[in-house]
Amino acid sequence: MRRGQIFLVSAFAAVIIVLMFISVAMQIGELTTIRTENRKLIDNGLLAIQAIIKSGAIEKLIEDRDDIPIRNLMETLLPSNTYYSLTLTCDSNKIEIYNKPNFEPKVTIKYIYTSVDLKTIFTITLRLSIGG
Amino acid sequence: MKGQFTILSAVTLMIAIITISIIIANANLRLRRYQEYSLPPIIINILQDYSRMLSASLSKATNEAYSVIYLKRGNINYAVKKAEDISKNFVDKWIKSFIDAYAGLGVNLNVKVKLDLRWSKGTSWASILTGELIVEIPSIGFKLNRIIKQTGISIERVFISKIGKQYYLHVIGISLDEGRGIPLKIEKLIIDGREVNFYHYYLGGGLNRYLIKVREIHRYVEGYFEYNNIIIRVYLEI
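Protein chains in written order, with numbering that gives the first Met the number 0: chain E, 0 to 131; chain S, 0 to 237.
Keep in mind the hints are simulated off the structure, nothing from the lab.
Hints are supplied without guarantee of correctness; some may be wrong.
With a cut-off of at most 27 Å between alpha-carbon atoms, the simulated DSSO-like pairs for lysine-lysine come out as follows [claimed, not checked]:
| id | chain 1 | residue 1 | chain 2 | residue 2 |
| --- | --- | --- | --- | --- |
| 1 | S | K212 | E | K118 |
| 2 | E | K105 | E | K93 |
| 3 | S | K80 | S | K184 |
| 4 | S | K80 | S | K59 |
| 5 | E | K109 | S | K142 |
| 6 | S | K87 | S | K111 |
| 7 | S | K113 | E | K118 |
| 8 | S | K111 | E | K118 |
| 9 | S | K92 | E | K93 |
| 10 | S | K187 | S | K71 |
| 11 | S | K184 | E | K118 |
| 12 | S | K148 | S | K81 |
| 13 | E | K118 | S | K161 |
It should be emphasised that the depicted structure is a prediction, and the values quoted were computed from it without experimental measurement.
The shape of chain E in the complex, shown without the other chains (with noise of 0.2 Å):
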């Protein structure tokens, strides 16, 4: 092998690591998108969550069988596009509001919420996931 072969091989070795350290880089630059997409969706659960839980929109549900006030706040709170399902148990009774049945969610909060006033401990199941 000449001289300049050797350089030549050198130099091309050098560029595919490099385009290696690239997409490397770029996989670890998707990596932390997603987890912040998805640390937004969560904020976004959570602030609905507490929004729904000082209304006393709860309450309001299991008293009067309403669920238009949760459905008003989730719809106001959440970014437009969001898929949502929430779920609320209590012992073995469940109730589930959607504005979209069966999606695949991109993250779930459980958050469990003590009613001062119905002295019953629900467990709500937010799902969510960003639609098209």
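On the provided structure of chain E, position chain S as indicated by the hints.
Relative to chain E, chain S alone:
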């Protein structure tokens, strides 16, 4: 030709290094933003629901004590014991709900509660629940040693005055959670063994005045007051 290769390699390397720097800087920035809000939802949930759980537990306990003493005519010690059981069972149910909901995290949650029902005769009365919370979640390296919280209501002073032929009962109620005087609704008012009617006037600052529909008071006043579903009993001997 050799010089051209050197220049080409140098330029390629330079572009690659700049690209990598931009990507890594961007990733770091996102990672930092992600870490800014990295308090896990379970911690937020426990801290937010702890006070509500104590209030609900006290509400259940005092309603049980009221039911035992007034409705079933049981004695006060038995009522307090029943109330303590109700309160502890509710706390256990709360802990179980967290352990079930966050099963994958290995949550170690411990809550000790102490119920203080001062419902007998005396100069001050109280329905107070003190909770001590300890949280440990080894999987995320979180440990919270002790959060002590008190919830409930107290009655600092009760007195009866007679203006003309009318009797007035004065009660000063205080909420521990809100740290201020509160209006107290009467569930039942018994004077000398008979349930009586009344009119309630809230004068502000925790001072409640009740016009009692009674001709004479000879022996005692027994009142069951309520605020935010928490009941307190007052027993005053004349």
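For each hint, the structure was consulted:
At most 27 Å may separate the alpha-carbon atoms for a hinted pair to count; K212 (chain S) and K118 (chain E) exceed this at roughly 34 Å. Taken as a hint, the K105 (chain E) and K93 (chain E) pair is honoured in the structure, with Cα atoms around 22 Å apart against an allowance of 27 Å. Between K80 (chain S) and K184 (chain S) the CA atoms are separated by roughly 25 Å; this keeps the pair inside 27 Å, and the hint holds. The straight-line distance between the Cα atoms of K80 (chain S) and K59 (chain S) is roughly 13 Å, inside the 27 Å bound, and the hint therefore holds.
Annotation: proposed proximity of K109 (chain E) to K142 (chain S) holds, straight-line Cα distance about 20 Å (limit 27 Å). Distance check on the hinted pair: K87 (chain S) and K111 (chain S) sit about 8 Å apart at the alpha-carbon level, within 27 Å; holds. Simply put, K113 (chain S) and K118 (chain E) have alpha-carbon atoms about 18 Å apart, close enough for the 27 Å limit, and the pair holds. In summary, the hint linking K111 (chain S) to K118 (chain E) is supported, as the alpha carbons are separated by about 19 Å, within the 27 Å threshold.
With a C-alpha separation of about 17 Å, the suggested pairing of K92 (chain S) with K93 (chain E) holds against the 27 Å cut-off. Restraint check for K187 (chain S) and K71 (chain S): satisfied, since their Cα atoms lie roughly 14 Å apart, inside the 27 Å limit. Using a Cα cut-off of 27 Å, the hinted pair K184 (chain S) and K118 (chain E) holds, with the two alpha carbons roughly 19 Å apart. Between K148 (chain S) and K81 (chain S), the direct Cα distance comes to roughly 22 Å. Compliance with the 27 Å bound is thereby established for this hinted pair.
About 40 Å separates the Cα atoms of K118 (chain E) and K161 (chain S), which puts this hinted pair outside 27 Å; it is violated.
Violated hints, listed in ascending order, are 1, 13; each of the other numbered hints is respected by the structure.
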